[in-house]
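Chemist: Here are the chains, one letter per residue:
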Amino acid sequence: MASATASGSGSKGNFNMVLFYVFLIGFVLVSLFPLLWVFKMSIVTRSDLFQSPVTTLVAPPIADSYNTIFANPDFRRALLNSTIIAGITTIICLFFGAIAAYAIARLRFRLKSVVMTTILAISFFPAVAIIAPLFLLFSKVGLINTYWSVIITDVVFALPLTIWILVSFFKELPKDLEEAARVDGATTIQAFRKVIVPLAAPGVFTTAILTFIFAWNEFLFAATFLFDASTQPVTVAIPNFATVYTVDYGAQAAASVVVTIPLVILVLIFQRRIVSGLTAGAVKG
Amino acid sequence: MAEVTLEDVKKVYGEDVVAVQDMNLDIEDGEFIVFVGPSGCGKSTALRMIAGLEDISSGKVFIGDVVVNDLPPRDRDIAMVFQNYALYPHMNVRENMGFALKLRKMDKGEIDRRVNEAAKVLSIEHFLDRKPKALSGGQRQRVALGRAIVREPKAFLMDEPLSNLDAKLRVQMRTEIGKLHNRIGVTTIYVTHDQTEAMTMADRIVVLKDGIVQQVDSPQKMYENPNNVFVAGFIGSPAMNFLKARLERENGGYVMVVGGTRIPLSREAAGQSEERRGSDIGEYVDKDLVLGIRPEHIEDANVEEAAALGEANQASTIEVEPQVIESMGSEKYVYFETSRDQAVRLDSVAELTGQEPGDGGSAESSSGDMMVARVSAASQAKRGEKMRMVLDASKVRLFDPETELAIL
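Order-wise, the sequence lines are chains H and U.
For the first sequence, position 247 matches number 247 in this note's numbering, and the numbering has no gaps at all.
For the second sequence, position 240 matches number 525 in this note's numbering, and the numbering has no gaps at all.
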């Protein structure tokens, strides 16, 4: 707080800065605390887990819980299942979302806002309200207990978001670029592929991450439609580290940490691609 | 290279918003033609219809002998330069310029050859590997031109290409585009709202207003013989002055009466007018008309340059009280007010000067219009000191206030 009391014109600014960081650190601590606590749970012994009063951090950390979960073939399989489900959902959403969003952003047609609202309305449906009919439907067509049952429902709920984000992104791109490409001899598809998509890359990556996270974290549909370890994703597999008699909290905590890591890595990788100002220099800036 | 022809081309938005009205135009091969007009006059729409970026509501557009109405832009073989350059930001300069050629699956060596050649012409060889964001406005403009040149298209279309540049660069690029056109001689259609650009660059100017072509002529002809009040006021800077006048018979000839000044109308001018309109100028006698005179045709009566003029036009002097004097070094602009009864109220003039037509109660209308004279630098005009000005009677134009068409 020394800087806050310093004389000169900058003192007020400095004080604001300090306030800003105090708030920021406080905010981050509050929101990250559960995650930190879960991490702590995953690296202590079982007896430490149940100590009262609770210990803050005990040395040395142990990897027992991690060994337990990775020794479990069902958990390894669940990680793979999650990756497949979230990956395919993301690809489908991006492909159809990009095409639909481009059309909505560029074409002039009647009732555009009605179309947009209708698209959004799809995600208004409470999942629990449609889960029973969907279950019956998937059973009838033989999709139950397959990846597709979850991928289809995930796509239905993620696509509206994908389209909305991409529409606002495509609208930002100068129309002149596309016209320049068309005059230069590109077909509509070529203009889209060679000019619009590369420019929309930051938006596409942002959308991809959000969709992936949504599908990766999805629990309700996966728990309902998938019955055995060969198709269940990690969100469903985590509670399985429990028997009728005991719950292995350490293993569940470790599994939770492991499930979070791919998302963190994903965001870190793509963060580089989410550079703003990629369009700088296209038109007068 | 090809000629471009517009036949009754019309653009209607929605039900009844007419952007371009029955436009007819024959653009010759290799001609530099400029569409000029205030914003919203339909000049850009006309260009975009030629480019294929806008549907044609009715009429036909020919490029060469081919009707291109239903051809997509890529099949029209035209190149376009956009107002905001529209360079592809994810490609470097070389890729930007070669993009169109690459789309046509042209041989890589040939693409390189053409890009290098165009880069040399535009002196942008040094930054072929840079991305557009690393370039200045002028450099980006050159790249945009380069992208058009490498195509070797049938026609260049330019949509206000210089309006994003600063004043000095604009003048420089103006000359360069002119030089470029002389060198490659491709039919060029250039859109601008700046009449100076139109005057300096065009072989022929097309003046548009409210989607209607007002006049198509060479810059000089348009300047000297505007078809109507709008063209007269739009072309030329500072703009033409307009005054209320009456035509009277005198000694078998005609005089134009402005306030107390009687300006004789030469027999020759009267004859030309009759020839052009196909009717006797006598029909306008004793009617209120609009007299137009350009600033350079009003001279300080006390300077040498006025002497010759004064000899011939003894009667055509007016007394004025300068309100503002701007010295340009080589000449002076003298602004003075006309008396209230001489002021003209014409919609198109009001539009040009940015006033609302029929702006009755405003302070503006309580006095006359501001007029400007471009006088010799030797003039001793002083603010607030009454002085005499000579009008060059042979350069005076007359307009019908009803139709706004030129009589003289």
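Treat the hints with caution; some may be incorrect.
[What the hints assert, rightly or not] Cβ-to-Cβ under 7 Å is the rule here; a few derived chain H residues that face chain U: (1) L177; (2) R182; (3) V183; (4) D184.
Hints are computed from structural coordinates only; laboratory data are not their basis.
Virtual Cβ for every residue (Gly too), placed ideally from N, Cα, C.
Chemist: List in ascending order the numbers of the hints, as given earlier, that are violated by the structure.
Modeler: When the structure is compared with the hints, none of them turns out to be violated.
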